[in-house]
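Read off the chains here:
Protein chains: 2
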Amino acid sequence: MENGTKPPVDVIVREVGLRDGIQNISVFMATPDKLEWLEAEADAGMPEMEVCSFVPARVIPQFTDAAEIVARALRIDGLTVSALIPNLKGAERGIAAGVHKLNFVMSVSASHNLANVRRSREDSLADFAAIAALIRTVEPERRPQLCAGLSTALGCTIEGRIPEKDVVHYAEKLAESGAGEIIVADTVGYADPTAVRRVFKAVQSAVAPLPVAAHFHDTRGLGLANALAALDTGVRRFDACLAGLGGCPFAPGASGNVVMEDLVFMFEGMGLRTGVDLDRLIAVRGILERALPGVALQGAIAKAKLPKGFAPQPATREALAAV
Amino acid sequence: MENGTKPPVDVIVREVGLRDGIQNISVFMATPDKLEWLEAEADAGMPEMEVCSFVPARVIPQFTDAAEIVARALRIDGLTVSALIPNLKGAERGIAAGVHKLNFVMSVSASHNLANVRRSREDSLADFAAIAALIRTVEPERRPQLCAGLSTALGCTIEGRIPEKDVVHYAEKLAESGAGEIIVADTVGYADPTAVRRVFKAVQSAVAPLPVAAHFHDTRGLGLANALAALDTGVRRFDACLAGLGGCPFAPGASGNVVMEDLVFMFEGMGLRTGVDLDRLIAVRGILERALPGVALQGAIAKAKLPKGFAPQPATREALAAV
Chain A
1 MENGTKPPVD VIVREVGLRD GIQNISVFMA TPDKLEWLEA EADAGMPEME
51 VCSFVPARVI PQFTDAAEIV ARALRIDGLT VSALIPNLKG AERGIAAGVH
101 KLNFVMSVSA SHNLANVRRS REDSLADFAA IAALIRTVEP ERRPQLCAGL
151 STALGCTIEG RIPEKDVVHY AEKLAESGAG EIIVADTVGY ADPTAVRRVF
201 KAVQSAVAPL PVAAHFHDTR GLGLANALAA LDTGVRRFDA CLAGLGGCPF
251 APGASGNVVM EDLVFMFEGM GLRTGVDLDR LIAVRGILER ALPGVALQGA
301 IAKAKLPKGF APQPATREAL AAV
Chain B
1 MENGTKPPVD VIVREVGLRD GIQNISVFMA TPDKLEWLEA EADAGMPEME
51 VCSFVPARVI PQFTDAAEIV ARALRIDGLT VSALIPNLKG AERGIAAGVH
101 KLNFVMSVSA SHNLANVRRS REDSLADFAA IAALIRTVEP ERRPQLCAGL
151 STALGCTIEG RIPEKDVVHY AEKLAESGAG EIIVADTVGY ADPTAVRRVF
201 KAVQSAVAPL PVAAHFHDTR GLGLANALAA LDTGVRRFDA CLAGLGGCPF
251 APGASGNVVM EDLVFMFEGM GLRTGVDLDR LIAVRGILER ALPGVALQGA
301 IAKAKLPKGF APQPATREAL AAV
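Just so you know, the protein sequences line up as chains A and B, in that order.
All letters in the first sequence, in the order written, are residues 1 to 323 by the numbering used here.
All letters in the second sequence, in the order written, are residues 1 to 323 by the numbering used here.
Please note that the accuracy of each hint is not assured.
[Stated by the list, open to error] Pairs of lysine-lysine, BS3-like flavour, derived with a Cα cap of 25 angstroms: (1) A:LYS201 x A:LYS173; (2) B:LYS89 x A:LYS308; (3) A:LYS303 x B:LYS303; (4) B:LYS89 x B:LYS173; (5) A:LYS173 x A:LYS89; (6) B:LYS165 x B:LYS201; (7) A:LYS201 x A:LYS165; (8) B:LYS173 x B:LYS201; (9) B:LYS308 x A:LYS165.
The hints are simulated quantities; they were obtained by calculation from the structure and are not laboratory data.
With these hints in hand, go ahead and build the complete structure from the sequences.
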């Protein structure tokens, strides 16, 4: 269901700021500001954006305008539009809105899943199976791709370490139930490169040939190192957020999602094409500065500017062999 | 000439804050504050510290107390004490002070070398040969190890891209002249992981079995990812600075050296022993906060706190195989 043509890319970066970046912000981001962000970042070449979460408005008021945001996003040529869904009701709304991808989410941590979506992990698996069945009833040309995200896969603030075998178990179950992609998420920034390599290798091996995507938070500074570690294992789909929005309100000064523009800088510097124009991407921060006063914008490349003579080269065999 | 015994480590981290971290700070850091930092960080298990630069006081007034700092550092049991030297005069002062290691520095970029040490690269090589000859005249039990740093090896703000063959050429020349270690430095934060892997592999191959150390700046956010890339090539010696001091005064808000405590967190999380007590290391930031008002302290782990259940494990075969 993706529209238009896109330039060839070596890695797919996906902007999740309109969902993960603002879901914990206490103020409502005005709909025109969201639309401006959406369109400016798509104009900069962003290939995919998660634009909202289909959750009840009483749970997260930030997404009361989800239908309007999705409608506008779907008019942007070439943009893959995704939305997060926690349950069957969210899936119904997402299907009605016509998004290209539905990102179901559950936590590998039993305690976190209970706290976040108020059900056991087995109940979440049952929900996912029901959603997959629902989606199969949608006419093919309107049928979204169903993806499955595993939160707290690299650690949990409640449970601490999460067994790798649990991550693999739930990835396998979701794949068997019809997931088109598995998203492994370090929700709270606990991962290190060794853990990333171990978990992503195990999950990829378990669900092959399904693509496995990475969703990292930079809470403890290792976001880009972890992205590099995941890249090394063959991951080619990365979530991130412009200006690293999404910090936890209970950890003042702590970073949130991996900073999109720094991630793009790393990949492009490595000779891996993202399809994103870095200068134009950095300029989009101006919208956030104006629309979200008081919210700290993270990120290094926007402050330090691009290296003198920086000229991203098309991916070379050498660069790809090195990763 | 190293004193005492040290616990076994898998990677050697080296604090360069008392040199690189404060050399561009406009205020003089009081000598008692420097001594407090030095002793507290050594107490936290830091195995090696570059404690000053032997440059003329008129060039960098920050190091007028170099002899006093070195004298105190040498009384700390088990600490390897190094100092930067730009020329023969600096070497004479370093030998007289009795440091364990002298870190000679030159730039691979001809323009930067001219701007920084006011001579051609060939003249710097001649200086290095003269220093090596001088050091051979020192009685063995007082003879420092002579190391050689290559600045701007991953890029230069004046020249932009730096040819890899130039880095290899100067590394070979310095090795032939008697360097005991080659330090490859991304002085201005231009590196990316692909460039790091390429350059460090080439230099290690050219100077083997000499150890090659990495000195990264986090100016563009890739410091830890670049450290991981260097680790992957076999590098086991890493410079960094507590709280990421060392930002360029001409790039407001930009980070400086790689943040030591975040680097230690990454390595320890990966199961690689550093010998450093992370909680005690983080506590040393309090000295900087008090002694350097107005100087921004960088770093994520100090703000976000360690993960729940974080328990660094001794290096496992698995962790080492993964790197």
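Task: 25 angstroms Cα cutoff - pair LYS89 of chain B, LYS173 of chain B - done: Roughly 21 angstroms between the alpha carbons, so the hint for LYS89 of chain B and LYS173 of chain B holds.
Task: Straight-line alpha-carbon gap LYS201 of chain A to LYS173 of chain A, limit 25 angstroms - done: holds (17 angstroms)
TODO: Starting from LYS201 of chain A, check that the Cα of LYS165 of chain A is at most 25 angstroms away, please.
DONE: Given pair LYS201 of chain A, LYS165 of chain A holds - Cα atoms ~12 angstroms apart, limit 25 angstroms.
TODO: Please work out if LYS173 of chain A and LYS89 of chain A have their alpha carbons no farther apart than 25 angstroms.
DONE: With a Cα-Cα distance of about 21 angstroms, the restraint between LYS173 of chain A and LYS89 of chain A holds, given a limit of 25 angstroms.
Task: Distance restraint between LYS308 of chain B and LYS165 of chain A, which requires alpha-carbon spacing of 25 angstroms or less - done: Satisfied, since the Cα-Cα distance of roughly 19 angstroms is no more than 25 angstroms.
Open item on the list: Against the 25 angstroms threshold, does the CA-CA distance of LYS303 of chain A and LYS303 of chain B hold or violate the hint?
Closed with: holds (21 angstroms)
Open item on the list: What's the verdict on LYS89 of chain B and LYS308 of chain A, does the C-alpha distance respect the 25 angstroms limit or exceed it?
Closed with: Violated, at roughly 34 angstroms.
Task: Satisfaction of hint between LYS201 of chain B and LYS165 of chain B, Cα-Cα up to 25 angstroms - done: The hint holds at about 12 angstroms.
Open item on the list: Between the alpha carbons of LYS173 of chain B and LYS201 of chain B, is the straight-line distance 25 angstroms or under?
Closed with: This hinted pair holds, its Cα atoms lying about 17 angstroms apart.
In this structure, the one hint that does not hold is number 2.
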